[in-house]
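Novice: Let chain S serve as the given structure and place chain B on it in line with the hints.
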Amino acid sequence: MNSNQQYYHSVRLDTDKCKGCINCIKGCPTEAIRVRDGKAKIIKERCIDCGECIRSCPYQAKSAVTERLDDIFNYRYKIAIPAPTLYGQFNNLKDINLILTGLKYLGFDDVYEVAKATEIITDYTKKLLKEGKLQRPVINSACPAVIRLITVRFPNLINNILPVISPMEAAAKVARKEAVRKTGLRPSEIGVFFISPCAAKATSVRSPLGTLAPLVDGVLSIKEVYLKLLPILGKIEKVEDLSTCAFAGVRWAGAGGEADALGIEKYVAVDGIDNVVKLLEEVEDDEKLDVDFIEALGCTGGCVGGPLTVENTFVAKTKIKKLAETLKRKGQRPVVIPLSEEELRWDTPITYRNVLNLDDDILVAMQKMETMQDIYEKLPHLDCGSCGAPSCKALSEDIVRGYSTETDCIYKLREKVRELARQMVELEEEMPGSFKSDNREY
Amino acid sequence: MSEKAISLHYEIDGNNFTVAGQASSSIKKVLKQLGVAPEVIRKVAISMYEGEINTIIHGKGGVADVTISSESIIIVFKDNGPGIPDIEKAMQSGFSTASDEARELGFGAGMGLPNMKKYSDNMTIESEVGKGTTVTLTVNLQ
Numbered sequence: 000m001n002s003n004q005q006y007y008h009s010v011r012l013d014t015d016k017c018k019g020c021i022n023c024i025k026g027c028p029t030e031a032i033r034v035r036d037g038k039a040k041i042i043k044e045r046c047i048d049c050g051e052c053i054r055s056c057p058y059q060a061k062s063a064v065t066e067r068l069d070d071i072f073n074y075r076y077k078i079a080i081p082a083p084t085l086y087g088q089f090n091n092l093k094d095i096n097l098i099l100t101g102l103k104y105l106g107f108d109d110v111y112e113v114a115k116a117t118e119i120i121t122d123y124t125k126k127l128l129k130e131g132k133l134q135r136p137v138i139n140s141a142c143p144a145v146i147r148l149i150t151v152r153f154p155n156l157i158n159n160i161l162p163v164i165s166p167m168e169a170a171a172k173v174a175r176k177e178a179v180r181k182t183g184l185r186p187s188e189i190g191v192f193f194i195s196p197c198a199a200k201a202t203s204v205r206s207p208l209g210t211l212a213p214l215v216d217g218v219l220s221i222k223e224v225y226l227k228l229l230p231i232l233g234k235i236e237k238v239e240d241l242s243t244c245a246f247a248g249v250r251w252a253g254a255g256g257e258a259d260a261l262g263i264e265k266y267v268a269v270d271g272i273d274n275v276v277k278l279l280e281e282v283e284d285d286e287k288l289d290v291d292f293i294e295a296l297g298c299t300g301g302c303v304g305g306p307l308t309v310e311n312t313f314v315a316k317t318k319i320k321k322l323a324e325t326l327k328r329k330g331q332r333p334v335v336i337p338l339s340e341e342e343l344r345w346d347t348p349i350t351y352r353n354v355l356n357l358d359d360d361i362l363v364a365m366q367k368m369e370t371m372q373d374i375y376e377k378l379p380h381l382d383c384g385s386c387g388a389p390s391c392k393a394l395s396e397d398i399v400r401g402y403s404t405e406t407d408c409i410y411k412l413r414e415k416v417r418e419l420a421r422q423m424v425e426l427e428e429e430m431p432g433s434f435k436s437d438n439r440e441y
Numbered sequence: 000m001s002e003k004a005i006s007l008h009y010e011i012d013g014n015n016f017t018v019a020g021q022a023s024s025s026i027k028k029v030l031k032q033l034g035v036a037p038e039v040i041r042k043v044a045i046s047m048y049e050g051e052i053n054t055i056i057h058g059k060g061g062v063a064d065v066t067i068s069s070e071s072i073i074i075v076f077k078d079n080g081p082g083i084p085d086i087e088k089a090m091q092s093g094f095s096t097a098s099d100e101a102r103e104l105g106f107g108a109g110m111g112l113p114n115m116k117k118y119s120d121n122m123t124i125e126s127e128v129g130k131g132t133t134v135t136l137t138v139n140l141q
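Taken in order, these protein sequences are the chains called S and B. 0 is the number of the first residue of the first sequence in numbering that gives the first Met the number 0; add one for each residue after it. 0 is the number of the first residue of the second sequence in numbering that gives the first Met the number 0; add one for each residue after it.
If we strip away everything but chain S, and leave its shape as in the complex, we get:
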């Protein structure tokens, strides 16, 4: 097994709260969870940080590790880069400036909107699509859970991913640059914090994809920031004019927002990790799929459905739509691209990680596959999950890998117990003569 460092994950388990039920193992899109010793365990190399388990746990035992608001004070100059999803958490929000000013009340020196950075990404993506050098269909790179999903499950689609940094990363680059210019501080004295709906973003800050060094210093969950902002919002005396984003950037919070901003004809927007898996399977198989761009987002509804949000996904979606319409009436400020193409592109290639292979030697792998098929045939095919694996197939795989035994299956165990009981009855009949009667007269 690989070291923990190679596979940092933000998703954590509170072992006191975990009941060892099987809700999370069933919903995991990469079959990365097993229940062992009464607790859910994550197989590190398989986890893609999508946050499905955080959502599906009925006991709130799963959470994503993020920084806390207090952590921002470790930096001399503190910048908040809020995801547009943050704006969808509040009722009747008419002016984004209220939220941004509120963030400054919480201790930030400046704010830079990720919604603004989406404009930079959209412009650059349009240019790349027009050049036509990318492998069709181009898959968006904004959702880190989708990128991680592709690296473990869709090796043939890695070259389809848009090789461009995410809006969060672009926002961090611009914000830090501007702050260095404004304050004269060293880049390391500036703390850039993403206000996040997303568990996978919390991971990508420590263990980035496509970039060598992390560009963001920390991630704060919308949940935490929302609670801290609420009591402040009513007390703000002077709302500062800080917001520079336009309606198109705000719409990125919901599924289809990125594709809408690109204004292309042949696109597919898909949201929810299971739907993403189904679509990508088809993209991998179907040569004739006539699509230029795929916007794939791991959470249902898009980022508004992120596990670190407060508001109901669909309510938030409506609020974002309303806000975008208000902004549309105001018109768009011109897009200034303060980053070079080199700064917008990935500096590190993304590679396939085969987390499924049974053995490096194909002959051994085939032997194991055969054994696996034999084991699977004997299992009940109920996929009940009581063994701690998500399906009978997964259990047969675990047995072959040496992590489980056949009697982990409660049906198999029952069969064995029955067999044992039958043998006991049989033995009982085999009592020595001194214990039973015969037909003779004595």
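Fair warning: there could be bad hints in the mix.
Dumping the calculated PhoX-like pairs for lysine-lysine here, alpha-carbon to alpha-carbon at most 20 Å [what the hints assert, rightly or not]:
#1 B/K28 / S/K277
#2 S/K392 / B/K117
#3 S/K25 / B/K28
#4 S/K265 / S/K126
#5 B/K116 / S/K392
#6 S/K237 / S/K103
#7 S/K40 / S/K392
#8 S/K367 / B/K31
#9 S/K287 / B/K77
#10 S/K287 / B/K3
#11 B/K116 / S/K277
#12 S/K93 / S/K327
#13 B/K28 / S/K367
#14 S/K367 / B/K117
#15 B/K116 / B/K77
#16 S/K43 / B/K31
It is worth saying that the hints were derived from the structure and are not from the lab.
Specialist: Here is chain B on its own, set in the frame of chain S:
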């Protein structure tokens, strides 16, 4: 070296278009578990998918048998459909029996068999009108 082989069998329901791609998805996972290179998986995935669709649309359903050895992957699609009267013609890119309306909807581009040939290392077709068709594809493993 090639004596060891994994056999997989798939039933392809001719009345259910929504199952198209299931066999392909399943075989892709098996190949990943065996550590087969992504380029080979891609060839198999596309061939398998096209074959599944052909078996549903033209063959009215059938079976697919896949044999994986350490040297190759052999896929045999067998149906009891109407058969192909002129195999040579069916193999031409763009040849299609689909109506213009179906083409408008994105079906019947006439690339099914040509794609299967393109993405496999060997392909043979045996067909008898009124009896059915057997397509055998080989993808080399290396």
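Novice: None of the hints should be skipped; say for each whether it holds.
Specialist: Tested hints:
Between B/K28 and S/K277 the alpha-carbon distance is near 14 Å, which keeps this suggested pair within the 20 Å criterion. Only pairs whose Cα atoms come within 20 Å are accepted, and S/K392 paired with B/K117 is rejected, the gap being roughly 33 Å. For the given pair, S/K25 sits about 18 Å from B/K28 by alpha-carbon distance, which is consistent with the 20 Å threshold. As the CA atoms of S/K265 and S/K126 are separated by approximately 16 Å, the hinted pair is consistent with the 20 Å bound.
Pair hint B/K116 plus S/K392 does not hold up; C-alpha atoms about 32 Å apart against a cutoff of 20 Å. Our distance criterion of 20 Å between C-alpha atoms is met by S/K237 and S/K103, whose separation comes to about 12 Å. Using a Cα cut-off of 20 Å, the hinted pair S/K40 and S/K392 holds, with the two alpha carbons roughly 18 Å apart. Pair hint S/K367 plus B/K31 holds up; C-alpha atoms about 13 Å apart against a cutoff of 20 Å.
Taking the CA atoms of S/K287 and B/K77, the gap is near 23 Å; set against the 20 Å cutoff, the hint is violated. With a CA separation close to 35 Å, the supplied pair S/K287 and B/K3 exceeds the 20 Å bound. With a C-alpha separation of about 25 Å, the suggested pairing of B/K116 with S/K277 is violated against the 20 Å cut-off. With a C-alpha separation of about 12 Å, the suggested pairing of S/K93 with S/K327 holds against the 20 Å cut-off.
Between B/K28 and S/K367, the direct Cα distance comes to roughly 14 Å. Compliance with the 20 Å bound is thereby established for this hinted pair. For the suggested pair S/K367 and B/K117, the alpha carbons sit about 31 Å apart, so the restraint of at most 20 Å is broken. Between B/K116 and B/K77 the CA atoms are separated by roughly 16 Å; this keeps the pair inside 20 Å, and the hint holds. A threshold of 20 Å between alpha carbons decides the hint, and for S/K43 with B/K31 the separation of about 18 Å falls inside it, so the pair holds.
The structure fails to meet hints 2, 5, 9, 10, 11 and 14 from the earlier list, while all remaining hints are met.
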